[in-house]
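Undergrad: The working numbering applies: residue 2 is where the sequence shown begins, and numbers increase by one.
One should not assume that every hint holds.
[To be verified] Below 27 Å or equal to it, Euclidean Cα-Cα: the simulated BS3-like pairs (lysine-lysine) are:
1) 118 with 211
2) 117 with 225
3) 117 with 195
4) 118 with 195
5) 225 with 118
Source of the hints: derived by calculation from the structure; they are not laboratory data.
Source: prediction; values computed, not measured.
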Amino acid sequence: MAQTTYDLIVIGEGISGLTCASYAARAGLKVATFESNLFGGLVLNVNELDGYPENRNTSGADLASTLMQSNSNAGVASIQEEITAIRPSGPAFEVATGAGAYAARSAVIASGARLKKLGVPGEREFEGRGVSSCADCDGPMFQNEDVIVVGGGDSALQEALVLAQYCRNVKVVHRGDALRAQQRLAQQARANPKISVIWKSTVAAILGSKMVEGVRIQRTADGKTEETPCAGVFAYIGLEPNAGFAPAAVARDGRGYLITNDGLETAVDGIWAIGAVRAGYGGLLRDAAVEARRVAESVRDRLD
2 MAQTTYDLIV IGEGISGLTC ASYAARAGLK VATFESNLFG GLVLNVNELD
52 GYPENRNTSG ADLASTLMQS NSNAGVASIQ EEITAIRPSG PAFEVATGAG
102 AYAARSAVIA SGARLKKLGV PGEREFEGRG VSSCADCDGP MFQNEDVIVV
152 GGGDSALQEA LVLAQYCRNV KVVHRGDALR AQQRLAQQAR ANPKISVIWK
202 STVAAILGSK MVEGVRIQRT ADGKTEETPC AGVFAYIGLE PNAGFAPAAV
252 ARDGRGYLIT NDGLETAVDG IWAIGAVRAG YGGLLRDAAV EARRVAESVR
302 DRLD
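Please build the complete structure, drawing on both the sequences and the hints.
TA: Here's what the structure looks like:
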């Protein structure tokens, strides 16, 4: 059987990837999307989306499901395989997975980013037993318990506010002396009597036997530590790109994010990058939608 050649392969079924595939399919291109985890990406954990172009209240899961159904109706092939490499193959590309290879005339890397790990003792051992990255999912499990949130940005405070709906106390551990989050979120956190901040500190270890029972907190100024009881630990200390499969010729910045030109194309002609995997991404869902449409139109124009 002859191998199918797609006009466009989109790597990642987060909002950026799904939106790009939608626009490309509407333009008449033959499109496939690839995803090794759940479709939707990080927004699946968000109950109320902020910064999406449409003026409507929706959850991340609902938005992703709507896009997936729309793409399916438009003929987009959704392939649940992990991309291991993208290689030039004549005038096109070979997109390799553990199960085989697929041909594409162009590719869009929309593989997003993942939450950074703390990298401390106990984190891996207690994953799913008190260590979590989704307050909306797991918050009800910590009813009237004390929990720790690590970080000082938007995600950390958003999750702290969600956890405060269930928990007795939410302690935010932040290495700095000022929050990086939007003023609106910082004000909401300060006004919530359940939320407090432990400044200039980090989590050095997660403690427990069968479940999380506490953390060891280390002060950044003098290195002194103290143990604080808690039932859960939620870390939001930033993101790192899912870009290990991208060709070596695709330039990266110092943190590993993919570098693109003004047209969002990488150093390899015919490969674009959009969304959270890209250096310079704005971070809002409206930014993802704008980038997705721009690249879909660029691919269409290039292939005409």
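Undergrad: Taking the hints in turn, state whether each one holds.
TA: Now the hints, each set against the structure:
no. : hint         : verdict
1   : 118 with 211 : holds (21 Å)
2   : 117 with 225 : holds (24 Å)
3   : 117 with 195 : holds (26 Å)
4   : 118 with 195 : holds (25 Å)
5   : 225 with 118 : holds (22 Å)
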